[in-house]
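These protein sequence lines are chains A, B, C and D, in that order. Per our numbering, the first sequence runs over residues 1 to 246. Per our numbering, the second sequence runs over residues 1001 to 1246. Per our numbering, the third sequence runs over residues 2001 to 2246. Per our numbering, the fourth sequence runs over residues 3001 to 3246.
Keep in mind that the hints were calculated from the coordinates and are not lab data. Glycine included, every Cβ here is placed at the ideal spot set by N, Cα and C. Any given hint could turn out to be false.
What the hints assert, rightly or not - Computed Cβ-Cβ distance ranges for the label pairs, DEER-style: (1) D:L3030 / B:L1169: 51 to 59 Å; (2) C:E2123 / D:G3204: 25 to 33 Å; (3) A:R24 / B:K1070: 39 to 47 Å; (4) B:R1069 / C:D2224: 23 to 31 Å.
Protein chains: 4
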Amino acid sequence: MSFQEGDLVLLVTGERKYLKRLGRDFSLNLRDRLLKFEDVVGRKPGEVVKGFCLLEPTLEEVILLGFERKTQIVYPKDSFYIAFKLGLSVGKRLLEFGVGSGASTAVFSQLAGEVWAYEVREEFYRLARKNWERFGLCKNVRLENVDFSIVELEEGLFDAVFVDVKDPLPFLEKVWKVLKAGASFASILPTTNQVSSLIKSMEGLFCDVEVLEILHRPYKVNPDRLRPRDLMTAHTGYLVFARKSM
Amino acid sequence: MSFQEGDLVLLVTGERKYLKRLGRDFSLNLRDRLLKFEDVVGRKPGEVVKGFCLLEPTLEEVILLGFERKTQIVYPKDSFYIAFKLGLSVGKRLLEFGVGSGASTAVFSQLAGEVWAYEVREEFYRLARKNWERFGLCKNVRLENVDFSIVELEEGLFDAVFVDVKDPLPFLEKVWKVLKAGASFASILPTTNQVSSLIKSMEGLFCDVEVLEILHRPYKVNPDRLRPRDLMTAHTGYLVFARKSM
Amino acid sequence: MSFQEGDLVLLVTGERKYLKRLGRDFSLNLRDRLLKFEDVVGRKPGEVVKGFCLLEPTLEEVILLGFERKTQIVYPKDSFYIAFKLGLSVGKRLLEFGVGSGASTAVFSQLAGEVWAYEVREEFYRLARKNWERFGLCKNVRLENVDFSIVELEEGLFDAVFVDVKDPLPFLEKVWKVLKAGASFASILPTTNQVSSLIKSMEGLFCDVEVLEILHRPYKVNPDRLRPRDLMTAHTGYLVFARKSM
Amino acid sequence: MSFQEGDLVLLVTGERKYLKRLGRDFSLNLRDRLLKFEDVVGRKPGEVVKGFCLLEPTLEEVILLGFERKTQIVYPKDSFYIAFKLGLSVGKRLLEFGVGSGASTAVFSQLAGEVWAYEVREEFYRLARKNWERFGLCKNVRLENVDFSIVELEEGLFDAVFVDVKDPLPFLEKVWKVLKAGASFASILPTTNQVSSLIKSMEGLFCDVEVLEILHRPYKVNPDRLRPRDLMTAHTGYLVFARKSM
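Could you put together the complete structure from these sequences and hints?
Right under this line is the structure:
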């Protein structure tokens, strides 16, 4: 494989990363270093040109650097864990609402057999579609621009659900109904007040409730002066997991 | 689906979880509560019997509660992230050595097309096989009981590699050769000294090197008294990620 | 200085620490190593006898290893920070209630000029007195066994206050009155619900409100295999700081 | 007390804090709000003027907002803990080198009887002096502009030592000599490599060695939406504590 016109290219230099589409008019200028189309086309991944390492982006980089966003996204550090925690695999059907910019769906769709996704705001519905199409993602996702509470769904349809809305409480009973027996539930919430409200409402409907936070602590990559970076992301959200109970 | 003889059952009560095979002689005794075969057989997932919620286990629970281990395993909190970070998907071929108890392979094989795995110690080779067979995992994994350094492999064969050995340094050059251009590298190391040594040796062979730790902070699930648990796992290992460079 | 009969001795071996009073009948038995009165008396601090390093304890060790406790104490990791954050110094008068086992008072009294302390439960009142007397602490503390809400105090008496009761809300207005203009407020609370309630009640009475957690992450002391310990304390309490406003 | 010309004033609005000397020409302009000398003079601490809460600064605020710095300082979150951990009190004599901007000395001098401090670089020596004089701190500190390794000191002179230099190794033996039996040692180091080197060199000279990190996690102060702030300081330094052994 070598980079051709139209390919996505990840350019890494030091701790900086850039994600670009390789068009004829491609150019990247960092201080004294100017990279143009001719510098990149025909190169192999891993080649270093003018101090930039040329790579194919991973899903994490596509989401963090390529996805357009109009609101807080579910970060890969959280969605990677949620995907496995939900027990997703080829034979499983996932329900997801709201979809937002489509970042978490892009992760879940890699592990799940199919995803049925609902987004009530047209603006986000269009944004998610656009993000997925630009990067060729989510072929196994059925996305609808509709309020989840009015969608007609038969009972016991889903193996798992991911809820990412401000207030999940009004949807809880319907979520419970459309899940299979023992199915997996996950949600992400920014505040402790929301967590308290949600887990209180889940009593009697769900069992095996877990609440946790995931913290990533990055290091400076210097073998002779190894140490954490000065700053880290201190909070993205509280993760709530559970299983449908009866 | 309802639980039948021979099925795996996860039993959850409060913060305790038990993973059992449902045989005729099944019994679980917690304080005053005795659960027997007759109490569980025929029940649906999510049913609560004598205070135990009956569930099908997820992969995380199979690994944490079901896998036999003779050494430190790669915990799901780390392997779930590594799997996505390595860019694994249906079309990708992963190289992994050493395999240990087979916990990380069981995760990676869910996302990757195929995994070629090598374990030099016969004891661990047998253990990994046994763990996978007991839980029906890793059908797309080729595992060999051999020292990776003597395996004959053509160059540019793998899309990604996961290295989990005490000292990765002697294997680095061979790893580099069998990876495709720009392929993904990951390793987990318990000490800072090992991280310093590894990233020093990677200079010139790999680019986009990242070092990070993942911390999970669990909460007590009480809506009126929400707070973190008293203790948390403070360390499993430092994760090192990189891409093959030229 | 050398250890004499009646002295406190801290005995350190590996990661274990013991705090003992050196009586004639002193003995410490760890596996094969038996330490008796004769082994310790007359030795200097820092001497190593049969693998035990003999030391005079610091305040932290006295609190953690010597204080009798009937409830959760305020840990030194928190109280050391609170003491300075409250702006305590020789000329300052601190108000504290409830006192519990007296652990936090023992810290604050080192920095403050004087401490007026109130503990409503007689059991804790006696316990705190006992702990302080055993270790010669808190000479500048006036402790009373009384409900703070009925104590008659003139307004503007205190430079700072530390509140450690389950529900600080009923006391807030009185606290406000007995503080000087701009005086410092601190409290420690175990749950997020309590923090929400407290900071809501403080609106209009206090300014410069801060909420934070302090996490200590200990390392294994091995120069060739440096790494964090496996477990850490994940939570003691949320610290709330503020200044009296008007 | 009310604010007079020449006083230090801390001005707090939302999450922002400003530390100013109240001169005739004082002015603070934030968006539409202009605060002048006349707005502040004669006011009491805790009064709110045009949305600014007027306060006397604590030591932490003086250090963080008032101290001029030409290098990384020891942050109060670390020095507050070190001060108590060193067992400082009125009867104790502390040795400290290098002094840098004088931030840690300003903390230690509050608890210790006296501090003997050494700073080899004249630039920092002058800076520390200036910071202390501006804020009336460190009256019990003897500061000299000299290389600690050439200072003549009798043996067993100090109860405790704090070392804050890039490479403490060349000074270790001298430090050991001038400490009393069982005296307390503390140091702060930014990298894991330095920690490994230091604790290796301490073997045989010191016992009860501890290594730890202190992390502060601040919250947004909103009772109905309680959550950690988005970012936190991930690293200031590794703390090393020990006791002189023989």
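How the hints compare with the structure:
1. Taking the beta carbon of each, L3030 of chain D and L1169 of chain B are about 55 Å apart, inside 51 to 59 Å as hinted.
2. Distance hint check for E2123 of chain C and G3204 of chain D: the Cβ-Cβ separation is about 47 Å, which falls outside the suggested range of 25 to 33 Å.
3. Taking the beta carbon of each, R24 of chain A and K1070 of chain B are about 58 Å apart, not inside 39 to 47 Å as hinted.
4. The beta-carbon spacing between R1069 of chain B and D2224 of chain C, approximately 25 Å, falls within the hinted interval of 23 to 31 Å.
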